[in-house]
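Trainee: Construct the complete structure from the given sequences, taking the supplied hints into account.
The chain contents come next:
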Amino acid sequence: MRRIAIQTEDFDASAELAALEGLGGGGVASFTGIVRGEGGLAALELEHYPAMTLLQVERIVDDAMARWPLLGLSVIHRVGRLEPGARIVFVGAASRHRAAALESCAFLIDWLKSNAPFWKKEHFADGATRWVEARPEDEAKARGWTR
Amino acid sequence: MAALTLVYFAWVREAIDLDEERIERPAPGATIADLIAALAARGGGYAEALGDPSRLRAALDQHFVALDEVIGDARELALFPPVTGG
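Sequence order for the protein chains is A and B. Counting from 1, one number per residue, gives the positions in the first sequence under this note's numbering. Counting from 1, one number per residue, gives the positions in the second sequence under this note's numbering.
Just so you know, these hints were derived from the structure itself, not from any lab. Hints may contain errors.
Unchecked claim - To give a feel for the contact side, a few chain B residues facing chain A, derived at Cβ under 7 Å: (1) A10; (2) G85; (3) G86.
All figures in this text were calculated on a predicted structure; none of them were measured in a lab. Don't be surprised by glycine CBs; every beta carbon is placed ideally from N, CA and C.
Mentor: Put into structure tokens, the structure is as follows:
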């Protein structure tokens, strides 16, 4: 199973997990990213490069499928305006054994952060806005998987 | 040869105040960095967005590439800040 979705709507993480659990493996690992409501944040706006996003996420999923013996992978990334507490991203992996599920999940979320064409803009309660800057430690984490 | 489509994202798009535009194809052998310098020389929002190439990343026909890549016969060049998804 290979499921990739880029969407504005919310997703049902438990339904995604149930689909992965139904694949007959011994383990499912997942990561769900949530909008943090720190520092007076009113909303996050996620912009992306529609012509490239799906292609790039497919490349990332193909990489993971080639590196680990996986029964299924799901990647869902939301775009548009998201308020604190909203789900942004879901990554789930099913495998026969835990190591492949856990490692591929960590790989996918690290790699997505630095290798998929999404940009976050913060909107604050006082009307101010700020583009989130890429963190060097995130790029270093993603590069770590290439060694 | 056909025109080159430029697409902009995040604060690059906001400073230039355009989502995309079509320009005359640069000379053969021109790199993305060469084109960025030529666009920045237009001044105004272009200078603001593209004046410091170390803050920019690029994709040629939907593949991430380094700024020293030759544009060649690519159809679409995207310019944007480092990505911040996930």
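Trainee: Look at each hint and say if it fits the structure.
Mentor: Against the structure, the hints come out as follows:
1. A10: holds (4 Å)
2. G85: G85(B) check passes; min Cβ-Cβ to chain A is 3 Å, inside 7 Å.
3. G86: holds (3 Å)
Against the hints set out earlier in the document, no violation occurs for any number.
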